[in-house]
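Novice: Here's the letter readout for the chains.
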Amino acid sequence: MSAPTFSRLLAQEWRLFAANRANLVILAVLALLLGFAVVNGVRRVADTRLAQREAVTSSNEGWTKARAAFVELADGRREKQEFEDPSRADLVVLRDRNAIAMAPAPLAVLSVGPSREGHDLIAFGLGSRHRATPGSRENPAIRLDGPLDPAFIVAWLVPLVLLVLAYDVLSRDREQQITPMLAAQGRTLRSIVVARLTVCFIAVFLITGGVGAAGVLASSEGQMARVMPDLITWLVALAACIAFWLALAGWVNAGARSSATAGVSLLGLWVASAVLVPVIASQVLSRDAATSDRLESVLGRRALDSDLTERAAEVTTTYYAEDARRRPQRGEFSEYERYFVENYYPRQVMIDRLFAPVAQHVEQRRARQAQRQRLASMASPSLALKVVTDDLAGYAPERRQRFEAAATRFQSQWRTFFDVKFAARIPLALDDYDHAPRFTYRDEDGGDRLRRALLPLSGLLLASLVAAAVAFARLRRARP
Amino acid sequence: MIAVIARRELLLQAREGRLLVTALLAVVLIGAAVMAGWRDHARGERERVLFAERSYEQWLAQPPKHPHRAASFGLYVAKPESPLAIFESGLRPHAGRVLWLEAHSQTAFSHAPADDDLAASTGLGERSGAALLQLLGALLALVLGALSVARERETGVLRQLLAQRVSPSRWVAGKYVGLAAAIGAALTPLAAVVLVALLVVAVPGQRVDTLLRSVAALAGNGAYLLAMLALGMTLSIVARSSRAALIAGLTLWVTIGLLGPRVAAHLASSLAPTPDSAAYEAAIGSEFASGFDDEPGWDARLIALEREAVTRYRVANLDDLPVGFSGLRMHAMSEWSDRVSDRQYAKLQDTYSRQERIRMASSLLSPAIAARAFSHGMAGMDWAHYRHFADAAEAYRRDFNVLMNELIVQRTRGQAWEMSADWADWARVPRFSYAPPNVAWALRQAWTPAAILALWLATSWALLAFSARRLRP
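Chains W and D supply the protein sequences, listed in that same order. For what it's worth, the working numbering labels the leading residue of the first sequence as 1, then goes sequentially. For what it's worth, the working numbering labels the leading residue of the second sequence as 1, then goes sequentially.
Same shape as in the complex, but just chain D (with noise of 0.2 Å):
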């Protein structure tokens, strides 16, 4: 029975020109931005590729010169994307994808699109076709939801089929499954476009990953769907008219899709602050400088390295060292510099923890929030996949300052700065190469977000099948 009711409905929403024409738009729309996104991956993987090429060989060609000055120079390197960015830019916008390594510190990324670029920012900042996707994906489903019951209330429909005796329970259930088979109608072709795109995108190694991550965001944003069908169906189970109910369907949308997360954004940032750069560097320089849980600041660190220096080579003063005191120094100062790098580091990851938590918590209220994630997880785009880009390079980062740190020990004596080194030694640094994570280590990473949406989903139906028990002309 609940088939034949689907099939009807799902035939009436065919006739029916509003949500074809709807649904046109919405492909429209979100097909054009998965173009633009696809033109935005080329040209940002081209970019890529090129920047590290071109970054590396200017390490290569530095002209002769001191290490130390070499490794302030330093690299870019920049993070590959996997080939769902074209559906799903996630982060990008705001987090770049570019970093510079160089002697001194860990350094956060840069170039960030929205920085510079208005067209990043114009508008709701939605211009992914999956951000359209959840935006108005979750808006189409709120009002096909919300219109479906009342309707049938008002034009008097609903009161002939209870009065025949038809299960209100098994005709809302078709009901649902049959709005549902109709959006997923009218989404399906774009998705498999989509996914044809990706496929050809991905390089061979690639392929079987974006198709796991593409499946998994398929069914993330799914589950967001179908919740808010649910959701706008018990709304118009409950609501006295089809006028109240997309009232409230579109309440619920603005609370949820456009309000939901700015609020939770500003909680998060308001009881988990996050120091700006100026104040970052500034807590790196102090406890550089004077040290942090009993342990010295740098001062006295140099006085003890000089001393340990002088017994160490049995020499008398550091002038006399058979090696060169100032490497060993730059070896200690990156050292101890790493550590507090890696404190503040830990602090500011800490941070944003309390902010993701916080950003869940309120995903509790509002789904777009867990759906946002859960989809950037996928495309390889949230920030756990930018940290672990930017482990990677950090660790390159420290192995490139020993190697150069180490030319200064080995090529001085005594106390002696100045040194020159040169192609050869540059050349000791080998390309930068990483390996991005794959889709079990994505969906580990999310699935806090993943648990919600289901939450979300189970919850939404068992509203649902509540509120349909209760169901009256």
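So that you can see chain W by itself, here it is in the shape it has in the complex (with noise of 0.2 Å):
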């Protein structure tokens, strides 16, 4: 069939698909739902920001008025207290708490993500960052239910929309046979199934994509340069995915004789694909590429805490071995100072260091397990949409590794930079305070993320390919 009478094929299936109220009205609802999930999406980022803004002003304003302090104790204006002097290291940087953020990526409107507490949000003093951490206040029953984000509506409930458009593409006229009329209008079966469910892809394109661009949009902050590598990812995957469930609903009404068989055909295939192959992919992932046994690392992590603190005196002479200059100026110290300062400072320091090697061996497991997972989503389109937008929203534990790499780097730096006063109970001088590390990170590249996706966004454009090719066939040997 010639481009025009194709694209004439088109306008009339167009119009035939506008003018039946009962396709308006799944759209409607499918763009009230996508945009309620954008707009909270584009809240949920505005909030991180917020917070993540309010955290690190409030640290940095912490670190300002303990300068302002020391120039008001150096101008005489302050009387010194024992335990308010910021002339002393150990006081002011063992109270210092950095809050360190890493901003929303650029599609954080999309998904929630796995996890959903703390904004991104790492705040750390001189003491290790492998101690206890409190656990999550939110309530699980309510984490449980899930969230009801743009990923979870594109990859879930897009494909049930999708059925229910095109369930009985052909299977409709079968029933009503006026198929043999259609057949000898001197248009082809395939290109009338292919021009309706062109129309479906076009209208369930444009208002998905196009929700989801304008809330990626809103909340871009006017960066629309760094935004749109993602975003044309996303959308070429969210097209894949939809091309996918069409060209299976062409092919199951290629043969079905009821629309009543070809809904329940597709329907067991939305299981398969959509229930099932997660559930063994999670099945799979849990069995063998399953995460660090993290219980064990605390035990670990209490076991090196104890033996430290039994050969206390070891560490602290180990501490001031490895550095001469850590060796302490002046006499008498108290019993909080002698504490913080020779004995628990050092051990932080020492578990840091010996607790490293098992931290990363828990965090490559983890870019494993995420790797395992983007490839066991190319057996599952909608498995494969989640995973893509959660990779492109920044939830990859790559990129959250990458971030925790800058803050332990960074610690390290703030550490270094005091530790000698600080062992050596050397005051502070207003120096110090004005040249003490300051955070700086740049966030991964989009290739990053880019690469991250190109497995299950593959996944995606083969399903889509094949499911096509097939339909293709199966539709030119149709019979009226």
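Hints were generated in silico from the structure; no laboratory data involved. Among these hints, one or two may not hold up.
[What the hints assert, rightly or not] Computed footprint of chain D on chain W; a stretch qualifies when at least three of its residues, placed anywhere within it, have a C-beta under 8 Å from a C-beta of chain D: (1) 143-152; (2) 263-271; (3) 300-307; (4) 364-370.
[To be verified] Derived CB-CB ranges, DEER-like: (5) ALA462(D) to ARG53(W): 53 to 61 Å; (6) PRO357(W) to ASP342(D): 36 to 44 Å; (7) GLU45(D) to GLU54(W): 40 to 48 Å; (8) VAL238(D) to SER458(W): 44 to 52 Å; (9) GLN176(W) to VAL21(D): 27 to 35 Å; (10) SER286(D) to SER458(W): 50 to 58 Å; (11) SER286(D) to ALA74(W): 25 to 33 Å; (12) LEU365(D) to ALA31(W): 20 to 28 Å; (13) GLU314(W) to GLN410(D): 29 to 37 Å; (14) LEU60(D) to ARG53(W): 42 to 50 Å; (15) LEU199(D) to PRO357(W): 38 to 46 Å.
Note that beta-carbon positions come from the ideal geometry of N, C-alpha and C, so glycine has one too.
Could you use the hints to bring the two separately framed chains together as a complex?
Specialist: Set out below in structure tokens:
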């Protein structure tokens, strides 16, 4: 069939599609639902940015206040107090909590991701970051029910909407016994079905892609160029997913005698692809790519803590031996100082050093599991679209690990900067306040995200191409 | 007559391969989930016992140190799980099961699998046998129901039956019983296997409780599936074609099973927001420092404590006290901190209760929420059970904290802080023991979802009966 003829057929089918009120209602409900989820996503990202700004500002203000107190003390406008002395490195540095943040990824609007609390903020001081962390206060029942985010809607609900729109794309005509008439009008059944599916594709893609893209752009803070590569990748994945389900509808309809049979068959395929395969993938991931046992890590860290506490004198001696400048310059110290400077801090440094390989192993296992999940997602278009969306929304473990590594490096810088003055109890100078390390972080490139998304994305494209080819071939043989 | 129609329907469903294949698929999937649940449960229990044991050993093996530092090192305890967790993992993926008990405050459950295990949140996040049964069983019941009457109408069978003066209500009732029996027959072997597995896993003292909990869970899930079947058949009676009935059934399933719980969760967290960890800790810190309801904050309390100590022991200053003031201070600090923490914890629990009320109100529109909540409760995997454990652990934490603070009172003098306790002192802290609540307690906690499920079942039956009377060929 020539392009102009197909265009005419498409226009005709578009008119028929638009004339069906049920289709419009379904699309309106989808648009509303997705719009609601996207608006919530935009709000969530704005809240995250605000929380991050507040935490970082508060952390910076704390430092500025300490500096001001130091200046007042130096000018004689403030009296020195035992536990409020801005020239004592142990008090200032041990109390100071640095807040550092990882800004939301360009497509963060589209997914809540697997972990939701914390706003991607890390607050740390001189102590080990591998200590026990307080658990989440979120209601687990709410978390279990899952978020109503755009990722859920596009990955699981949109395929169902497509099935409702296209499950009887040809079987309806067969039931009404008008297929022989259609076939006699000089147009093949295949071209009619393709035109109908194309109309469905355009309608659903315009709504889902349009609403999703609007949300992403609304929260982009004017950085269009940064957002575009991720957005385009997501739109390609979305288009591939929509095409896959429509191709399946075409394939099933090529042979189905009744709409009910076609509907039930497509529903079965949806259950298999969107429920069964992800459940199997989850079980396989649990068995073959399990994350490290974190309880074992906890016990390991505690054992280390106990051991180093028992060998406190040895730990302190080693710490001083590593750098002679650390030895105290003045005589008497309070119990507080002695414990935190000579005992607690060297132990934290040692814990971090000894625990680093374990922590690295845990992170490697998580990255490996994520990679396996991407591979497994190739078997299910719904899962693949969810994984692509989550990755582009910035929830890949690799991105988090990069941030954690930057935090660790910064903590090391912070420790090194104050280390000698802290350990040797040398009073701080104004210069120390002014030249203390500041955290700067450059998030991963868009290329990193795209490379990670490549596997599920190629799975999606391959699945849609295969489904389209099979449906196309099957439709050629479709009988009226 | 109802029995005859039911038998015929059962026979028809058995002959038709589609139900058999679908049911077989569901049974295999749920069976695989149960097997994975068994593996997870066995590994989890092994880890729990080992973890609790080693954590206590680490407590006992602490080198001589200050008692407050020992209390800050603390202990870990892990919530035991009922054997039913094999079938219903409930809140486990997002709640974790481990509590760190330490000197300063009550901590939250930590190490939730979903925090760092992608397998726990892959797909729809439904991977326990019960969750799959509720999701796929409801779909099966709705689709079977939706196609049941409409097909008979389309093929003309209904017209013939009604022409033979068969009572529409009895015919519908018979069909309903037959379809319910078909679903039941498909699921019974799996239920029997699961029940046997549960009884094998349960320790002797647990078996009756496990059996009763299993029966209650079965009844809850059964009520949900029966309600879905009745709704599906009602749609089938009302709809003009099997196509329309199928679409309506699918829409209902999406709304009830997929959208309902998420919308309810969104509503609950929007209308009753939970503070995040940082805000929660900040609120405790702020009240600890500044006080609440005209009660003074910590600084004022400390000054009062100092005065009281000097007066009580009739000494000139704190350095002359015959007991350790730092111990008295730690006692007062812990007591005040616990009061502040209790207030915030009560507020948090109040927020959870409000969220639960919103979810239960939503379950009047989406029974999947009530079915899940009831199932979680019977498996001992709902928040009520988690809280029961957390309360017992908190009582234990406070006891050992008091014990450690008392050592400071007894073994220091005046304002001295440094002292050392040792193994003999650590051994004075007993091992944590916990008795999980029984099925009667669980049923009392879960009466709201149970009542909502019963209401849904009654309403769906009433709707089916009402529509059956108006059955037209």
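Novice: For a quick check of understanding: which of the numbered hints are violated here, in increasing order?
Specialist: none
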